[in-house]
Amino acid sequence: MKEKKVRTADIGDGKIDQIIDKYQGDASALIQVLLEIQRENRWLPKEALEKVSKKLEVPLNQIQHVATFYKAFSLVPRGRHGVQICLGTACHVRGGPRILDRVEEVLGIQAGQTTMDMEFTLDTVNCLGCCALGPVMVVDGKYHGKITPTEAEAVLRKL
Amino acid sequence: MPKVNSPAELEKLRKGILSKRDPDKPCIAVCTGTGCLALGADRVVVALKEEIKKHGLEDKVDIKETGCPGFCERGTVVVIYPEEICYLRVQPEDAGEIISQTILAKKVVDRLLYVDPTTGEKAVRESEIPFYKNQMRLIIGNNIKLDPKSIDDYLVLGGYSALAKALSQMPPEQVLEEVKKSNLRGRGGGGFPAGRKWEECRNAPGEARYVIVNADEGDPGAFMDRALLEGNPHSVLEGLIIGAYAIGSHEGYIYVRQEYPLAIENVTFAIKQAEEYGFLGENILGSGFDFTVKMHRGAGAFVSGESSALMTAIEGRVGEPRPKYIHTAVKGVRDRPSCLNNVETWANVPLIINKGADWFAGIGTEGSKGTKIFSLVGKVNNTGLVEVPMGITLRDVIYRVGGGIPGSKKFKAVQTGGPSGGCIPEEQLDMPVDFDELARAGSMMGSGGMIVMDEDTCMVDVARYFLDFLSDESCGKCVPCREGIRQMLKILTNISKGKGKEGDIELLEELAEVTRDASLCALGRTSANPVMSTIHYFRDEYEAHIKEKRCPAYVCKALISYYIDPEKCQACMICLRQCPVGAIVGDKNQIHVIDQEKCTKCGTCFEVCPPRFSAVRRISGEPVPPPVPEEARMIARESKEK
Amino acid sequence: MSEITLQIDGRKVQAKEGMTILEAAQSVGISIPTLCHHEKLEPYGACRICTVEIEARGRTNLVAACLYPVEQNLVVRTRSEKVDKTRKMLLELLLAHAPDAVALQDLAKEYGADKARFEKESSFCILCGLCVRYCAEVKKKNAIGFVDRGARREVAFIPEIASKECENCKECFPLCPTEALQATFLLTKALMSPSPTCDSE
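Residue numbers (the working numbering), protein chains in the order written: chain A, 1 to 159; chain B, 1 to 642; chain C, 1 to 201.
No lab work stands behind these hints, which were simulated from the structure alone.
For each label pair, taking beta carbons as the anchor points, the in silico distance ranges come out as:
| no. | chain 1 | residue 1 | chain 2 | residue 2 | range |
| --- | --- | --- | --- | --- | --- |
| 1 | A | Q113 | B | K598 | 19 to 29 Å |
| 2 | A | E151 | B | E93 | 11 to 21 Å |
| 3 | B | K107 | A | D10 | 54 to 64 Å |
| 4 | A | E151 | B | G582 | 17 to 27 Å |
| 5 | C | E3 | B | A8 | 53 to 63 Å |
| 6 | A | P97 | B | K499 | 13 to 23 Å |
Below are the SDA-like pairs computed for lysine to any residue, each with C-alpha atoms no more than 25 Å apart in a straight line:
| no. | chain 1 | residue 1 | chain 2 | residue 2 |
| --- | --- | --- | --- | --- |
| 7 | A | K51 | C | A136 |
| 8 | C | K40 | C | P174 |
| 9 | B | K557 | A | E153 |
| 10 | C | K109 | B | E506 |
| 11 | A | K146 | B | T457 |
| 12 | B | K501 | C | K115 |
| 13 | B | K294 | B | P2 |
To be clear about the criterion: a stretch of chain C counts as covered by chain A if any three or more of its residues have a C-beta under 8 Å from a C-beta of chain A, and this derived list gives those stretches:
| no. | stretch |
| --- | --- |
| 14 | 141 to 147 |
| 15 | 151 to 164 |
A virtual CB, placed ideally from N, CA and C, is assigned to each residue, including glycine.
Start from the sequences and build out the full structure, keeping to the hints where you can.
Shown next as structure tokens:
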């Protein structure tokens, strides 16, 4: 009989427990707890959410809403590299959509998707606060200002 | 570091720090705010440090990594003290010259100076640059002078003296009166009188009450709060502690959006330092007043920046707005009185306490006092953060401070107030920057985003853009906002795609009215503004899109075509080679023709055609002329005269 | 609890501090339409059908009657040109989702709402939240909740809880004004079988 495989969080149950325990069962810390798990694990597996629900005594439907309401959370595994293109007003006026077009072309995916090889996840953001430097692209936390479609492609190809 | 236990000890500490600093010692201040970092400021710092080491100057020259002074367009910004020489667009390669010429030889590096785009004049000192000269940088002016991770830098500039004054010389009610008298109005968008909110919170029944910093700056195009939090976090903390004292709160929250990692880092650091020095915690400066503050991160939702939604998020629940029929100042976090103010509002408080309400009220207009930091971006020469006194005209902000529209393009509109605001046309540019004036014009002050648009901006596309943003960010709880925005966006998208029909404008107006009147929160209520203001001032553009299927600004892709004028084309092949989809047919002696089926309207050909030919034309609202037959496409060159 | 006197549709109404306009109106038999309101649940303020016109401190405003607390000398109009226009549009927006919902038909007729004003939308849930709130506040099982935000907002069952609790309960079913709830439940059930622990590896 095939053994039933239970998918555990990528960072391990122990680490998840550690994160939750830091907030000492304070239900109002829900969003902060999820943010940390998201940052460490790069996504929120169902098992992690169930654990949080039990330990913080917050009903699962509330966690389900929080995890889907906020853009920071992902309920599916994400790529190794995070790419964000800003589509805030200033960046929009300065050609942000053209950067997005080129990046979508280069990576072969659309915003919100992850490449098949799990290397890149592409997202759009509504404003990163670098408005005088539009258009802006962030790759793995590094900001690239006044970027052109050609430069964007070059940055991605280097990875 | 032993705690500072009294105002006298604070002054002693301050004098001590000052005495150890030589005001004549050269100091190179490099902006390492998020903006300049995106342009490589970290590498500039490394290069400068290397050069300093090379010349053995480690003890003779200081390097300071500072906060954002706002001139992000010309980053990386470097200011050399004590002369205040300002270098712009500094690259790591410039480090050598800066050290050898400016530091050692006391000579200015000409090519790094500011050049006025119209007069060609150069400016050496920061204070001579028109961008800075025409501002009143009371709040943001210190950013380039301090390392945000150094509380001593803040003390050297007089930091925490307002707190000391308030705690030792003024009872809480007097602090409250001073803020009321100053007429400080909220800088986050609502413009509600801060003193009145403080008073309501102070007088609300209950034991515990909270003070909150709203740093969820979500308006696209606005980054004032980012600069303040990254660059001078203590100024915000000091204001918050003073406010807590006036209101009688002992617990505070700073809610920062997670999209600002550097701000989160610097505020966390500042809180720790403030606690070490005793500005936070128990018995602050020996006054008997206790106050602690906690950081709370946002998780990526614009609507959670609405005050009641933010408080719900602090409770760990989904950040949806609540009805504010009972003010959150009375019933907020956990139903306790909670006073929420914007970052910039809190940053104004130490100034008001130190210099007095009368001084503050002397700046600005009757209804709007003090200064306001704007994020001046878009089609303007000097983009960045500008701090100006209330009452300055929009024209002065855009032209005198901003340096006007680049590329000799014509100004079209300035959008203020973010997605909750509206567009203001040329005829209204002499309007003073003032909460009530902007509201009367169909826009609002908002948090300070000021986006300049020129003739190449399509106002229908602008409305569609903002509605698209709002539809993504709406919490979706109430019908008028969720469904009203859904339908308005549909109509605007159709119009921009050439599918607009008679009656669309009227339907948009009807939907906007219901959304404005019946929505639960301000996101829904103000979603009407981008639509109404663009229809009000630019109705002709809407009508062109609907009746003539024409986009006057040549933006809406479905309504434009690119066409190469056979009379002007010189078959230089530049556009042909650069077309990303190979839609241009031609040869070096053959006039180029765009295959309209393949064309993706990217506009590359239009941009790269040499200005002396200007052969590429944009067409909208009329049919594209059929291509010249192949036989007739040979170019008669000048040397081969017919 | 102090006594408050307010005026609703020209009538003087006595109410207690802490009551809402809706409660005060209901106490004297003045009816205000509602969709997301339920006496067993906390007022929600999402459908906005109960929007009424008020006059207070010299200003006129539109507010949700189910949430607005009564005030001394408040003047309330449950019908007016503005109120009717607003309700008509709200109904038309909802009818785009659920044109045949029984709960909407009478209201649509009364306010002259045209069910074909807007193109039909794909989901016929009107997100009144009655199911979510009933399960949370009355049954305290939290078997169903909201997902996502804005135009993408939906209700979704938590399969693990729903599989245990719902078959023998279904108390929320009659509350649904459009029967979208029943459809969602059936869909959830279908997705949960053949095996809830089926793993792709």
